[in-house]
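Hey, can you piece these two chains together into the complex? The hints should help.
Each chain, letter by letter, is given below.
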Amino acid sequence: MKVIKKSPITSTLSVLALALASSSTMAQDLSITVTNLTQGLYFTPVITAAHTSENHIFMSGTMASDELQAMAEGGSISGLSSILTNADANINENPAAGLLAPAMSASFDLTNDSTNTHLSLAAMVLPSNDGFVGLDSWKIPEEAGTYTLFLNAYDAGTEANDELRGSGAPGEAGMPVPPPLDPLLGMNGTGVTDVESNDKVHIHRGSLGDSDMAAGISDINNSVQRWLNPVAKLTITVK
Amino acid sequence: MLTFNTQKKITTKFAKPLLIAGLLTLGLTACNDNDNDVPPPVDPPIETPMEYSYSVTLSNLTYAQPLSPAAVLLHGDAKMWQVGQAASVALEKLAEGGDNADFIALENNLATAMAEGPTLPGTSVTVNITTMDPAASYLTVATMLVNTNDAFAGLTGVDISTLTLNQEKSWRLNVYDSGTEQNNEAAGTIPGPADGGVGYDSTRDDIDLVGYHSGVVSKDDGLPSSVLTQAHRFDNPAVKLTITRTK
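Chains A and B supply the protein sequences, listed in that same order. When we follow the numbering used here, the leftmost residue of the first sequence carries the number 1, and every step to the right adds one. When we follow the numbering used here, the leftmost residue of the second sequence carries the number 1, and every step to the right adds one.
Any given hint could turn out to be false.
[Stated by the list, open to error] Capping the alpha-carbon separation at 27 Å, the derived lysine-lysine pairs in DSSO-like fashion look like this:
hint : chain 1 : residue 1 : chain 2 : residue 2
1    : A       : Lys239    : B       : Lys79
2    : B       : Lys169    : B       : Lys247
3    : B       : Lys169    : A       : Lys139
4    : B       : Lys79     : B       : Lys240
5    : B       : Lys169    : A       : Lys239
6    : B       : Lys169    : A       : Lys233
7    : B       : Lys247    : B       : Lys79
8    : A       : Lys233    : B       : Lys79
[Said to hold, decoys possible] The following label-pair restraints were derived from C-beta to C-beta distances:
hint : chain 1 : residue 1 : chain 2 : residue 2 : range
9    : B       : Gly196    : A       : Pro179    : 40 to 48 Å
10   : B       : Thr203    : A       : Thr115    : 52 to 60 Å
11   : B       : Gly188    : A       : Thr52     : 51 to 59 Å
12   : A       : Thr111    : B       : Gly196    : 50 to 58 Å
For the record, the hints were derived by calculation from the structure and aren't laboratory data. Given the structure is predicted, the values throughout are model-derived calculations rather than measurements. By construction, the Cβ of each residue, glycine as well, lies at the ideal position given by its N, Cα and C atoms.
So here's chain B without its partners, still in its complex pose (with noise of 0.2 Å):
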């Protein structure tokens, strides 16, 4: 069971600027309001951009699926996917065929990083990231385990203004299914190395709104026309996730 909270805002990254802030209020007041009545501060400080460094490692948990490049992302206060909701195309083309380019490229994103390669079941890839935004703060992850119809091992809109230099966070990630295409595991439909198989397709023929997966059947276990076997079948969490951040 995981429990955390999540009230503390950005106070710990600003407690610093907002000091000076506060020594120079009237003066910063003016310049962000462009407010020409009331005169410039004599010398203004030259605020040099704060750069926020994160190295972010996943570990694959599972048996035999391996987990497609990672994107690692940084945004401001969305989710990129929410149980409930449709997947967007962007979601639906890693999900489906482990294709990151879109997710990348998605238009809110503030900084992007992603895997090389495939990251191999008993091994750890690590991404970094870095920015200057100091809106940048929220962090979303994305996986898919490439030999299933449509799952992937996440993490999307996590509050990281919180984190003070070298601390780490942890996560075990359980796995979603984007819900846009039929866990039938049929021949031709999986991309990883169980069936070389077509990744992405545009029809949506499951039930269209991201949950969590039910674990794949397999052929071993009552699903004869699947191309997957029982070393295919894993459980929650799949992955573990752990962010550090190193500036």
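For reference, chain A alone in the conformation it holds in the complex (with noise of 0.2 Å):
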């Protein structure tokens, strides 16, 4: 058996030496704006973080961390909040307080650390199932200058489509449905499908919605909340 211990002293010293080397790098403040694109849909409060290179916090292809599927369904960040913290990430909260309503944009400012040289970006859409805006692992770029992305509509691949009131805890069918979004929904609907096939994160296929508030075979209104890609925008100023 193999019993390293460390003298307080050393650990204490070591510590001294990351601190020291860690500031005598640059860390980029970085100025960001995201924009809801759409006109009908809504986003859960955007969790934003910048982080090492091996971090992801999606990845298209690959099944949602239960952290990813908390806020792909309910639009909780505060999974993905704390494995970021785990991972010594920079992060942003809910810059918008609350909901992202549709075409009205939010702002806030990120000090990275050297070593978190990687953008990742999260929120539910609203009305639907299991679909998020999402950024993956964007280069920070190191020139200083104003870059602007725009970003798609994912799905997380953990829960069926069937565009119905109902349920944002994990595991729970039907869509969460928050006061802004209640009088813009219709009711009723008898279900778009039960089965979610693709249980890998996929671009979002859009939602069908129908025409009828109180009937027919789904609760999304469907000359209001579908959507092409993208479906934000996020300006980013590396100053």
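Below, the structure is given as structure tokens:
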């Protein structure tokens, strides 16, 4: 059996050395604006993080983590926030202080440590079962300037797109319906589908919706709450 | 995903004039400020105003959405619309009816040009625009997708001052919704050949904020009251836009 025992002094010294090393390299100051480009979708609280190149909050073609699922099905970013915190990411949460309404923007500053070279973002889109707008690990440019990115809507692959009023809890069917959305959605739909055969994160195929607010197949209004990609614009100024 | 850097400003275009200006700093400053204490330069060079010409080409990438006559504008640093802002009446007229007259007549425009007619699916149109005004270095282009209630494609307030002679830049344009008319796709509300209905109506019965268009539903995909068919559906991008500096 091998036992490694560090004296308290050595470990304090190494922490000091690390602190010195990180303060001697340059952090970057970013000024970021996220715009909901749509006229019919709400974004739940947005989470944005600068992290190392090895980290991802989601990747197309792979299974969603439990934390991503909680965000995509119910808009909860606390799980993503704690895994990012554990990974020493620089995080911004909920810049719109609630839902980011159609066509609205939210701006914030983010200072990223020199090791946190990549940027990711996620927010659930409503109405949807498990749709989210996402940016997966974009390399932050070193050159000062303003950069514009257009973001697509993804499907977490964790819930059937029944397009019915229901639950925002992970694993429970249906779409969460926060107050501003309530009067805009239809009701008594019979359900578009009850299967989710692609369980990997993928580009969302869009909502079907229908034109019947009191019945029909879907509770989504097809002439207002469908979308075409991109659904968001991200403007990033590297100072 | 489109990425561009808008950091570099007017430097390239003014590099030469600035050099000349540098040699004559005193004299030119005097002229600009009408400062009579400093004598004018002995032999001031006669500066021929520079002419800037651009060729702007739009290609209609859609299946069955003719584009209304495109408006091409050069102006100072400004945006003619913005996501999250209400559309101007001039833009509303263009987006609901394809009528670009007010948009072309906007006070801020320093140079304007327009396509002679509609641009049909699968075809392209080239519009040439010329200006002597060095401030006219921002480009706006707008055109309606006419088989819709109020969809338009365009680009606004793009800095073109760094374009060098014969340099070309292109964009694939997404479709905006002016937010001024409900997308009910109803008979009588769509000005294009799919309907032949009314274009501009001053009533604003939608969210009254410019945003991206959600696409048309059509009677074939779940909106029985729609006058549109599956053929009128579109996706992003809808237009390819290319600008070339020719002078």
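Going down the list of hints, with the structure as the test:
1. A/Lys239 with B/Lys79: holds, 23 Å
2. B/Lys169 with B/Lys247: It holds: about 15 Å lies between the C-alpha atoms, which stays within 27 Å.
3. B/Lys169 with A/Lys139: holds, 24 Å
4. B/Lys79 with B/Lys240: At roughly 20 Å apart (the allowed maximum being 27 Å), B/Lys240 and B/Lys79 satisfy the hint.
5. B/Lys169 with A/Lys239: This hinted pair holds, its Cα atoms lying about 26 Å apart.
6. B/Lys169 with A/Lys233: With a Cα-Cα distance of about 21 Å, the restraint between B/Lys169 and A/Lys233 holds, given a limit of 27 Å.
7. B/Lys247 with B/Lys79: At roughly 25 Å apart (the allowed maximum being 27 Å), B/Lys79 and B/Lys247 satisfy the hint.
8. A/Lys233 with B/Lys79: Distance ~16 Å between A/Lys233 and B/Lys79 Cα, so the pair holds.
9. B/Gly196 with A/Pro179: 40 to 48 Å: Since B/Gly196 and A/Pro179 have Cβ atoms about 41 Å apart, the given range 40 to 48 Å holds.
10. B/Thr203 with A/Thr115: 52 to 60 Å: Given about 55 Å between the Cβ atoms, the range holds.
11. B/Gly188 with A/Thr52: 51 to 59 Å: Holds, at about 58 Å.
12. A/Thr111 with B/Gly196: 50 to 58 Å: At roughly 57 Å between Cβ atoms, B/Gly196 and A/Thr111 fall inside 50 to 58 Å, so the hint holds.
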